[in-house]
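K.L.:
If you want the building blocks of each chain, they are given just below.
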Amino acid sequence: MPKDHGIGASPKRREDLRFLTGNGNYTDDINLYGQAYVHFLRSDVAHGRLNKVDTSAAADMPGVVRIFTGDDFAGVGGIPCGWQVTDKHGQPMQEPAHPVLAQGKVRHVGDPIAAIVAETYEQARDAAEAIVLDIEELPAVIDMKAAVKDGAPKVHDDLTSNLCYDWGFVEENKAATDEAFKNAAHVTSLELVNNRLVANPMEPRVAVGDYNRSTDESTLYTTSQNPHVIRLLMGAFVLGIPEHKLRVVAPDVGGGFGTKIFHYAEEAFCTFAARQIKRPVKWTSSRSEAFMSDAHGRDHVSKIELALDKDNNFIALRTETYANMGAYLSTFAPSVPTWLHGTLMAGNYRTPLVYVNVKAVFTNTVPVDAYRGAGRPEATYQLERVIDKAARELGVDPIKLRRQNFITQFPYQTPVAVVYDTGNYVATMDKLEEIADFSGFAARRKASEAKGKLRGLGVNCYIEACGIAPSNLVGQLGARAGLYESATVRVNATGSISVMTGSHSHGQGHETAFPQVIAEMLGIDESMIEIVHGDTAKGPMGMGTYGSRSLAVGGSAMVRATEKIINKAKKIAAHLMEASDADIEIKDGKFHVAGTDKSVAWGDVTLAAYVPHNYPLEDIEPGLEETAFYDPSNFTYPSGAYACEVELDPDTGRVTIERFSAADDFGNIINPMIVSGQVHGGIGQGIGQALLEGAVYDDNGQLLTGSYMDYAMPRAADVPFYAVDHSCVTPCTHNPLGVKGCGEAGAIGSPPSVVNAVIDALHSAGKTHITHIDMPLSPNRVWAAMNA
Amino acid sequence: MYNFELVRPTTIADAASALGHEGAQALGGGQTLLPTMKQRLASPETLVSLTAITEMQGVCMSDDGHLCIGGATPHALVAREAVAHYPALAGLASHIGDPAVRNRGTIGGSLANNDPSACYPSAALGSGAVIITNTRKIAADDYFQGMFTTALNEGEIITEVRFPIPEKANYQKFEQPASRFALVGVFVAKYADGVRVAVTGASEEGVFRWTEAEAALSKSFTADALNGLTLPADGMIGDLHGSKAYRAHLVGVMTKRAVAAAA
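Just so you know, the sequences run in chain order A and B.
Count the first sequence with my numbering and you get residues 416 to 1203, in order.
Count the second sequence with my numbering and you get residues 4 to 266, in order.
No lab work stands behind these hints: they were computed from the structure.
C-beta atoms are modelled at their ideal positions from N, C-alpha and C, and glycine is treated no differently.
It cannot be assumed that every hint is accurate.
Computed list of chain B residues with no C-beta within reach of chain A, every gap over 10 angstroms [unchecked claim]:
1. Asp17
2. His88
3. Asn137
4. Phe151
5. Thr153
6. Gly197
7. Gly231
8. Thr233
With a straight-line cut-off of 25 angstroms between C-alpha atoms, the simulated DSS-like cross-links for lysine-lysine are [said to hold, decoys possible]:
9. Lys597/A with Lys718/A
10. Lys979/A with Lys953/A
11. Lys1182/A with Lys247/B
12. Lys467/A with Lys520/A
13. Lys247/B with Lys868/A
14. Lys1013/A with Lys986/A
15. Lys503/A with Lys560/A
16. Lys815/A with Lys861/A
17. Lys171/B with Lys866/A
Partner residues aside, some chain B positions facing chain A, computed with beta carbon under 8 angstroms [to be verified]:
18. Phe177
19. Pro180
20. Ala181
21. Ser182
22. Leu243
23. Gly245
24. Tyr249
25. Leu253
26. Val256
Construct all of the structure, not just a fragment, from the sequences and the given hints.
P.N.:
Right, dumping it as structure tokens:
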């Protein structure tokens, strides 16, 4: 019988009640007394010299409080980058300045030029139309390969070129890898594009800056996945406000998907302007603004080559990727195509030699940064597509080829730096074959063909490194931050508990799942535990939520803090029962003296901690509150095997997903329902990338997909009912819960199987000359490939 | 959005009078106009809402066997009430946009706007409907004059649309993946005196009749009758979502499917 509480149970998400009944407290719900509104006048050209911004007429418009331009930020820092990559020659990446408001040049459509603060939002917009701009338009660089050619227009005049870095990984492996290719029995190569995506969380970004003249404190309310990180970046690098005078609050956040990790100019602006005008300043992004100001995701152009020996063993892998940085370096942009991508290139396979080259390129487009999976989907897509292509070229079953090359011994040192602690790729593939009903595929294909449709089956595996990660390691890799997590467990006098976590929930269900862990440890009811997050004034320094790290890192900190609570509570209980604390056991919310019928209730112990009349004051302090910081010793390595079945209408090229199956190994599971939901959402986004989504710029740098009229988001009807299974469990060996993380898996693991399935469908109809179609596999593209 | 005045007349006469003033703009369900205004791409001084005019609401059959739809009738009402009389038209109405769009958007608004990717123009042209305004009756063949262009004069109001009921008809829409408007939509209607085929979404000239297909289908109303018929890619819309050649191809596919499904 499934558990109904604690670890492994699936209680409904307690936060959904307020989300679904309109009682959430999102940043746009926050309105402060005397607040003014800001509208950003943004560049409508991709590249231009900003000769003059004449605000004189606009300043006299009704309701205008003040208009800011780049000049107002002359003495203020720029938006910092949080990760420095060292190139293959040992040199640091080229790192351009990123002003809050454009100075001297505009570098992408949407680059903010002026900020109009007015009594109402509409007045601010009216005034924006009265600003006279003198912009000398310059040729835009959009295509990455063109951008790094000699003589290409430079996005940043003070850099030597548009090349941010040229990274080799592992550079020492290059010669041996090249040599292995010379001796290979078979080489499969593939050029592909990992399409640029716009994250499109349901809630657009919002920022409210506030300033308290009495205390000289600034507060920023913002749609962030990591308020402490924003406080550090904005306070220390942009505005020069020390942490004790700066509070950042990220209340309910309606989806992040990575794009709300980063520190944005609008946040810094609202905080800065509130100090200047001594009034709260609010900005709410429109959806159109989001398309041109939220960091985009993916946008890699790659060539991958796989070398096999005569027995079809993988002997070497080589990739060359152009990664778009956009016009400026977003907070973690440099790490995505490098350390979050190159380190995963071994995948689930024993490939002894791997060499990854990445050229990061500046273009006149919106900055690109982490988006659900961040680097790992790009690695998985290349690898799982080239393996599929190799299987077709060799005439072997793609599943068999994968199985033959699986890593089976753990821990496993990959040739790309990381060590996988556990995994069982055979088990997840076995499970996939079961839940995906491969044996019934032939009959289903026949049924599709009887309707005039083609049917294809595609499979892929994935591995991800998540729960990021050890601070000392990421520091060596260029991170300018630590990647621990914190938790404070505050037990109140009557026994209820407030847990301040540095993790941030923006849809993940922490408020439900985290109490399940503590309830299990203490044997008390989950309803006695409340999770507090998203406010730098409430909890200790935390690093936030991204990279599927909340439970693996934040949950571990919470476990460590709770262990401290248990240790202290046992001492109190022992004193109350006149027993030795070594004999105290905790069970069902009571402290028992082992081997006796003596017990004392949880509430009696917590009350004693705060009313210490009968208390071991000579040994321990009153109170019951503990903090722990947890820094993991390794990444965690979730893995799995996915299968997609598509139907393809040969008359129109339209692809529909008929079945999708996912067998994942997430280690131990706290709340299976939430895990399934995370996988469903991730696969939905992966299907969106594979079939529908794609941000497209024209040659002049205009975003052709600037709204939902042209940017295709997946909808409920575009996805099937999923078969998901997470019963294959190899617990993580190095964190106390044995958990690995599940937030990104679906988005990482799904695109290759969709594309593999479409290629399979086409080959079933004799279209074997089609070896690849770039995502999104829109009807137009599939039809064009079929009729080329 | 810029500031504007809103008036809600209750009679066609009052609406026509209000629209006689400079800067006035008729407002149907607002499914195109309001988003355009929010983007500050349109700035009418006065919006004259047509949705409070009861004589422009509803669906009925005329004594001479035409389906009459009031100009301010929302798509959802057409989907419900036309189904018994003209199922192909009701089916078309039931797949425009989403429920919110269907409960606000009106047939008159759609025809007056004449978006090249809208569904209704193909039904009106494919049925040989009559567009009735506050001043005259316009045959569909004379009404559509290219992308976003119609025979309507400034301030003229579509009060009603009259559809002759065909023996068989069907509408096939191939959706643009993002907007879910018609990338190509084909309305086929078989009448005693011949077949009409109207295509939306495809042409740079807006909705049009595919006369070669009409001739072939008038001889034999079967999908096979269309074998060998193709449209030139030239003049088709080419964009991110479909090349000119793809759209021309889809017209053929959707026409065949409409014929096969016609009931």
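K.L.:
Each hint: holds or not?
P.N.:
Hints and how they fare:
no., hint, in the structure
1, Asp17, "holds (30 angstroms)"
2, His88, "holds (29 angstroms)"
3, Asn137, "holds (32 angstroms)"
4, Phe151, "holds (15 angstroms)"
5, Thr153, "holds (22 angstroms)"
6, Gly197, "holds (26 angstroms)"
7, Gly231, "holds (16 angstroms)"
8, Thr233, "holds (13 angstroms)"
9, Lys597/A with Lys718/A, "holds (17 angstroms)"
10, Lys979/A with Lys953/A, "holds (20 angstroms)"
11, Lys1182/A with Lys247/B, "holds (23 angstroms)"
12, Lys467/A with Lys520/A, "holds (10 angstroms)"
13, Lys247/B with Lys868/A, "holds (24 angstroms)"
14, Lys1013/A with Lys986/A, "holds (15 angstroms)"
15, Lys503/A with Lys560/A, "holds (19 angstroms)"
16, Lys815/A with Lys861/A, "holds (23 angstroms)"
17, Lys171/B with Lys866/A, "holds (24 angstroms)"
18, Phe177, "holds (6 angstroms)"
19, Pro180, "holds (4 angstroms)"
20, Ala181, "holds (4 angstroms)"
21, Ser182, "holds (5 angstroms)"
22, Leu243, "holds (6 angstroms)"
23, Gly245, "holds (5 angstroms)"
24, Tyr249, "holds (5 angstroms)"
25, Leu253, "holds (6 angstroms)"
26, Val256, "holds (5 angstroms)"
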